[in-house]
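**Q** Listed here are the chains, written in short residue letters.
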Amino acid sequence: DAGITQSPRYKITETGRQVTLMCHQTWSHSYMFWYRQDLGHGLRLIYYSAAADITDKGEVPDGYVVSRSKTENFPLTLESATRSQTSVYFCASSEIAAGAYNEQFFGPGTRLTVL
Amino acid sequence: QKEVEQNSGPLSVPEGAIASLNCTYSDRGSQSFFWYRQYSGKSPELIMSIYSNGDKEDGRFTAQLNKASQYVSLLIRDSQPSDSATYLCAVNRDDKIIFGKGTRLHILP
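Protein sequences, first through last, are from chains A and B.
FYI, the numbering used here numbers position 109 of the first sequence as 109, with every residue one higher than the one before it.
FYI, the numbering used here numbers position 73 of the second sequence as 73, with every residue one higher than the one before it.
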């Protein structure tokens, strides 16, 4: 399917476990982003990537790891999940990001619960 | 000062009226401005982008940008119940986009 997809859509895990959220886009966009959305905080950037093998931290990177070996995939790993990482996670992509015209398009989201 | 500020609402507007959503931003270097709509339990959906001072119209939506006042707004004409959602203002900072916390809009039938 064309567009941007995320898996799983829902995930329940336990504190201390490792969890990987997947993101896949078919547009060949250069930039990809991971956000978390929590009540009272809005959308907060976790990590982003300008191209394969190039990643950078966002506003709230602690406790998360990303990789981007292929342009179309951008997995997000919680190395040791904590309850504070319970959230809705959105992946997004854009063609370009430097300066203007960096319209981002979002995946459907993953709702993660850490018990 | 927060980078992107919006009134959280809820903003209640009668069906058929004009809904006016406002946003201010702090970075004078920002060049790109966006409005996203987010229905409950769904992902944000881009509805308008604006890059120059003035108005930009798309159907029932008009985005307005005033860089001197660091102000961007979204007008929704002939509001419909399907417009009830949270509207996120977003502004670029370097190669990232900073989102406001959103304004909840409720269209009253």
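Misleading hints may appear alongside valid ones.
Said to hold, decoys possible - Below 25 Å or equal to it, Euclidean Cα-Cα: the simulated BS3-like pairs (lysine-lysine) are:
#, chain 1, residue 1, chain 2, residue 2
1, B, Lys56, A, Lys57
2, B, Lys96, A, Lys70
3, B, Lys42, A, Lys11
4, B, Lys2, B, Lys101
5, B, Lys42, B, Lys67
6, B, Lys56, B, Lys96
Stated by the list, open to error - In silico negatives: residues of chain A with every beta carbon more than 12 Å from chain B:
#, residue
7, Gln6
8, Lys11
9, Thr13
10, Glu14
11, Arg17
12, Gln37
13, His41
14, Asp56
15, Thr71
16, Thr86
17, Gly109
18, Val114
Keep in mind the hints are simulated off the structure, nothing from the lab.
For glycine and all other residues, C-beta sits at the position ideal for the given N, C-alpha and C.
**Q** With reference to the structure, classify each hint as holding or not holding.
**A** Evaluated hints:
About 33 Å separates the Cα atoms of Lys56 (chain B) and Lys57 (chain A), which puts this hinted pair outside 25 Å; it is violated. A hinted pair counts as satisfied when its Cα atoms are at most 25 Å apart, and Lys96 (chain B) with Lys70 (chain A) qualifies at roughly 21 Å. With a CA separation close to 16 Å, the supplied pair Lys42 (chain B) and Lys11 (chain A) stays within the 25 Å bound. This hinted pair checks out: Lys2 (chain B) and Lys101 (chain B) have alpha carbons roughly 10 Å apart, not beyond 25 Å.
Proposed proximity of Lys42 (chain B) and Lys67 (chain B) is contradicted: the alpha carbons are some 31 Å apart, above 25 Å. Our distance criterion of 25 Å between C-alpha atoms is met by Lys56 (chain B) and Lys96 (chain B), whose separation comes to about 23 Å. Here Gln6 (chain A) does not stay apart from chain B, with its beta-carbon only about 9 Å from theirs, under the 12 Å limit. With 12 Å as the threshold on Cβ separation, the claim that Lys11 (chain A) sits away from chain B holds: the shortest Cβ distance comes to roughly 16 Å.
Look at Thr13 (chain A): its CB is around 20 Å from the nearest CB on chain B, clear of 12 Å, so calling it non-interface holds up. Listed as a non-interface residue, Glu14 (chain A) keeps its Cβ farther than 12 Å from every Cβ of chain B; the least gap is roughly 24 Å. Separation of Arg17 (chain A) from chain B is adequate, the least Cβ-Cβ distance of about 25 Å exceeding the 12 Å criterion. Distance check on Gln37 (chain A): its Cβ comes as close as 9 Å (rounded) to a Cβ of chain B, failing to clear the 12 Å threshold; non-interface status is violated.
Non-interface status of His41 (chain A) relative to chain B is broken: a Cβ of that chain comes within 12 Å, the nearest being about 7 Å off. For Asp56 (chain A), the shortest C-beta to C-beta distance to chain B comes to about 9 Å, within the 12 Å cut-off, and the non-interface label is violated. Interface exclusion of Thr71 (chain A) from chain B stands, the closest Cβ pair being 16 Å apart, more than 12 Å. Every CB of chain B is more than 12 Å from the CB of Thr86 (chain A) (nearest about 16 Å), matching its label as outside the interface.
With a least CB separation of 5 Å from chain B, Gly109 (chain A) falls inside the 12 Å interface cut-off, contrary to its annotation. Every beta carbon of chain B lies more than 12 Å from that of Val114 (chain A), the smallest distance being close to 19 Å; the non-interface claim holds.
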